[in-house]
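Novice: Sequence:
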Amino acid sequence: MDKDLAIFDFDGTITSKDTFLYFLKYTHPGLRGMVNVLRVTPQLVAYGLGFISNETAKKHLFSSFYKGMSADHFNAQAGSFVSHIDSFVKSKAMERINWHRQQGHRVLVVSAGFDNILIHWCKKENIELIATGVEIESGLLTGNFGSKNCYGIEKLNRIKAFLDPSDYGNIYVYGDSRGDLEMMQIATHPNHDKRIFT
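The letter at position 194 of the sequence shown is residue 194 when you use the UniProt record's numbering, and the numbering goes up by one with no holes.
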């Protein structure tokens, strides 16, 4: 246990905005986006009222926008979206990430966001990533997830499948929402605050 680990949630923790919602606007600007949102308005209302889960609402939204899209096109758009992510990354979050790097700590992002979107930013920053997968068949997005939604208890499960927490001395975990609470269980230094890094 001679190495320390830093785990960061992404949306709301490293960024000030919801990356997926901005990606929707980026790939489907104007009327195209509005039409797709209207298709899933009943599901979004149901989620807002607590009748369906975060995962179910997210699946409806993702499918409405991306089912049938070429995986190559989706990934190309995700790659060009990196500069937009940079525009809403919190400076204090990056300062903390850089501090951990300077200490020689392993840095990991664990997000409910989609790995195909976030991987480009994480590669640029040389940060490991655990996120929600997208399902691809015959080169096309099916509109389904390729993994469980990486949220809540699934964040903790995925971390434990990816590494052994007992291998680390200090574990710093940063998050801002209820979806980050379970992964705080492995933290020696939990940092959970809805206004984190502001």
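Hints should not be assumed to be uniformly reliable.
[Claimed, not checked] No farther apart than 25 Å at their CA atoms in a straight line, the calculated lysine to aspartate or glutamate pairs in the DMTMM-like style are these: (1) 3 <-> 182; (2) 148 <-> 95; (3) 92 <-> 193; (4) 123 <-> 18; (5) 160 <-> 72; (6) 59 <-> 18.
Hints were generated in silico from the structure; no laboratory data involved.
Novice: Quickly compare the C-alpha distance for residue 123 and residue 18 to 25 Å and report which way the hint goes.
Specialist: holds (19 Å)
Novice: Holds or violated: residue 92 with residue 193, Cα cutoff 25 Å?
Specialist: Holds, at roughly 14 Å.
Novice: Take a quick look at whether residue 59 and residue 18 sit within 25 Å of each other, Cα to Cα.
Specialist: holds (16 Å)
Novice: Holds or violated: residue 3 and residue 182, Cα atoms, limit 25 Å.
Specialist: Holds - the C-alpha atoms of residue 182 and residue 3 are around 22 Å apart, at most 25 Å.
Novice: Quick one, are residue 160 and residue 72 close enough, alpha carbons at most 25 Å?
Specialist: violated (31 Å)
Novice: Please verify whether residue 148 and residue 95 have alpha carbons no more than 25 Å apart.
Specialist: violated (31 Å)
Hint compliance for this structure: hints 2 and 5 are broken, all remaining hints hold.
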